[in-house]
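The sequence shown runs 25 to 182 under this note's numbering.
No lab work stands behind these hints: they were computed from the structure.
Once the Cα atoms are required to be at most 35 angstroms apart in a straight line, the calculated DSBU-like pairs of lysine-lysine come out as:
id, residue 1, residue 2
1, K176, K122
2, K76, K164
3, K76, K176
4, K78, K63
5, K171, K63
6, K37, K65
7, K63, K76
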Amino acid sequence: MVSNPELMIDDFKNAGANSITFHIEVTEERGITQSVIDKIKAYGMQVAISVKPKTPIESIFPYVKDLDFVLIMTVEPGFGGQSFMSEMMTKVSTLRRKYPNLNIQVDGGLDIKTIEPAAAAGANVVVAGSALFRPDQNPKDTIQFFKDTINKHSPNWK
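Put together the whole structure using the sequences plus the hints.
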């Protein structure tokens, strides 16, 4: 997590980034969330807000109209291999009902057991780290399983 995303936008743009996701918790407390979104958009990049588990989902509602996607953290950010927090699916389903065309991404503890509740709640994009590098599973098969599960619940997403 970057503490001052507004200071990194130029560097990311110059490095060739086409999207930036930042944690609302670090911008909202300083009242700069909209200006960070606007600067990223001005560079022609996609922009997303990430929401940590303890942050109310309603905190992002004023900004959704300007976002390309929302990232719901399904673990406390910081390190890989944590357990999926199924209670975060309430946030996902709330977003899906309120914003049916929004790309909703989930990150943390996703694997072949947790992708089903995430997709059923409305997530259509996943971040998978540890799940892809398990010695007992083929990464290609895991990726295909994730895609198939998301498509089962969200057949109109590409």
